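If you want the building blocks of each chain, they are given just below.
2 protein chains.
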Amino acid sequence: MSHPIRVLIVDDHAMFRAGVRAELGSAVDVVAEAADVDEAVAAIAEHHPDVVLLDVHLPGGGGAEVMRRMPPTVVTDGPRFLALSVSDAAEDVIGTIRAGARGYVTKTITGPELVDAIRRVSENDAVFSPRLAGFVLDAFAGTIEISAVDEDLDRLTEREREVMRLIARGYAYKEVARELFISIKTVETHMSSVLRKLQLSSRHELTRWASDRRLL
Amino acid sequence: MSHPIRVLIVDDHAMFRAGVRAELGSAVDVVAEAADVDEAVAAIAEHHPDVVLLDVHLPGGGGAEVMRRMPPTVVTDGPRFLALSVSDAAEDVIGTIRAGARGYVTKTITGPELVDAIRRVSENDAVFSPRLAGFVLDAFAGTIEISAVDEDLDRLTEREREVMRLIARGYAYKEVARELFISIKTVETHMSSVLRKLQLSSRHELTRWASDRRLL
DNA sequence: TACACCATCGGGGGAACCCCTGATCGCGCC
DNA sequence: GGCGCGATCAGGGGTTCCCCCGATGGTGTA
Numbered sequence: 264m265s266h267p268i269r270v271l272i273v274d275d276h277a278m279f280r281a282g283v284r285a286e287l288g289s290a291v292d293v294v295a296e297a298a299d300v301d302e303a304v305a306a307i308a309e310h311h312p313d314v315v316l317l318d319v320h321l322p323g324g325g326g327a328e329v330m331r332r333m334p335p336t337v338v339t340d341g342p343r344f345l346a347l348s349v350s351d352a353a354e355d356v357i358g359t360i361r362a363g364a365r366g367y368v369t370k371t372i373t374g375p376e377l378v379d380a381i382r383r384v385s386e387n388d389a390v391f392s393p394r395l396a397g398f399v400l401d402a403f404a405g406t407i408e409i410s411a412v413d414e415d416l417d418r419l420t421e422r423e424r425e426v427m428r429l430i431a432r433g434y435a436y437k438e439v440a441r442e443l444f445i446s447i448k449t450v451e452t453h454m455s456s457v458l459r460k461l462q463l464s465s466r467h468e469l470t471r472w473a474s475d476r477r478l479l
Numbered sequence: 264m265s266h267p268i269r270v271l272i273v274d275d276h277a278m279f280r281a282g283v284r285a286e287l288g289s290a291v292d293v294v295a296e297a298a299d300v301d302e303a304v305a306a307i308a309e310h311h312p313d314v315v316l317l318d319v320h321l322p323g324g325g326g327a328e329v330m331r332r333m334p335p336t337v338v339t340d341g342p343r344f345l346a347l348s349v350s351d352a353a354e355d356v357i358g359t360i361r362a363g364a365r366g367y368v369t370k371t372i373t374g375p376e377l378v379d380a381i382r383r384v385s386e387n388d389a390v391f392s393p394r395l396a397g398f399v400l401d402a403f404a405g406t407i408e409i410s411a412v413d414e415d416l417d418r419l420t421e422r423e424r425e426v427m428r429l430i431a432r433g434y435a436y437k438e439v440a441r442e443l444f445i446s447i448k449t450v451e452t453h454m455s456s457v458l459r460k461l462q463l464s465s466r467h468e469l470t471r472w473a474s475d476r477r478l479l
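Protein chains in written order, with this note's numbering: chain L, 264 to 479; chain D, 264 to 479.
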């Protein structure tokens, strides 16, 4: 990459755009600026920047809206989006990444760090503060919703949980019986309790229930 | 954090475990080692480490299996998992993160870097090489449809795929028949083909198969 | 001591599941 | 026209699932 990275700055505050431009200095080539979603989309179409510095809270739908407006063909060879926001809220981070951003940094970042982040994003790497990356991982792994639904599971006895786990994994009653050294009839009894307590009606629903809660 | 971080090393090669232990030196407290999934689960229960260094390719189901075996209560206050693998394949990375790992580094990492990664993971931050983080983001944003093993699915006919989808979602044969305006017997025929082609033996396995591939 | 709860079993039965061997019809291909 | 393949359907049968009824013994508790 001999030529400087071409950057588009999208933020609704002119003052902030000027600050970013000054901080970046000559390290990158700021080809344009935009103050709202429409301007950003137009600027991308006109200038084809390598990296778009995107404010998350933006008039006209927010930064995610800009990425959603990109034609599908641009996904692979279009610009890389780097979110630049005052917010470190999980929903902002997750929403922005889901929309297609390759990175997310807060506005507390220093100039040299931002230059480095832009460079890395332009090479298709991901840039994150570790804490923010954790939000994305949690959302991805589905860990977030786990804590809320324990009450149902707590109502199961220890033995019922064992049976439930094996059943949800696809074990036949017979196999569960063999595994736990009890009779098939006992397995059936436990399963009845499990289904009743969880308000489910079949082992198939149980499989999905357990799968959704990552109990497998 | 005044006391040293308590670490469990999980890898099937004793030589490699010794190497890691030597590289870590006195920076952390290696409380135990494990060579397969069962040993790892037992060691976690016994020693309650802060961080588990987890090899991805492991006898007994792979590193992800270890995390899946954790009781749900451990999700919030249990150990943090840091995957340590020779593989930089997207499916390995994504699968491991989906199972609950807080980080993924390759075995080319240096000792000091590994120490730093362990420290950051223990503080609930996420640790990644930027390239690998990109895989996760792509999967999260839906850019790539995790198409690791399509060959199996491609062998199904259009109709078989429809039936498979409904069955995997928990529909009874009768309900599938009503939904697709065909007879139960036809549903059975399609299901036979599906199970045979996918080399599965019951609708329960099919549910897990489809669930693993996010076909629901 | 009674009571509640849990884990363990049994009989019986209807529905669902899975497999087997068939069959017919339409479609594309050589 | 044959030939393969996909989609449709049928009968029959063995297994599994889920529920109903019941029972016994152990444990903790009011």
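No lab work stands behind these hints: they were computed from the structure. Some clues are possibly wrong.
Heads up, the list lumps identical chains together, so a pair's fine if it works in one copy or across two of them.
To be verified - Capping the alpha-carbon separation at 30 Å, the derived lysine-lysine pairs in BS3-like fashion look like this:
#1 Lys448 - Lys370
#2 Lys437 - Lys370
#3 Lys460 - Lys448
#4 Lys437 - Lys460
#5 Lys460 - Lys370
#6 Lys437 - Lys448
Small disclaimer: the values here were computed from a predicted structure and weren't measured.
Each hint, compared with the structure:
no. : hint            : in the structure
1   : Lys448 - Lys370 : neither (53 Å within a copy, 50 Å between copies)
2   : Lys437 - Lys370 : neither (52 Å within a copy, 43 Å between copies)
3   : Lys460 - Lys448 : within (18 Å within a copy, 34 Å between copies)
4   : Lys437 - Lys460 : both (22 Å within a copy, 26 Å between copies)
5   : Lys460 - Lys370 : neither (37 Å within a copy, 46 Å between copies)
6   : Lys437 - Lys448 : both (9 Å within a copy, 27 Å between copies)
Figure legend: structure checked against the earlier numbered hints; hints not met, in rising order: 1, 2 and 5.
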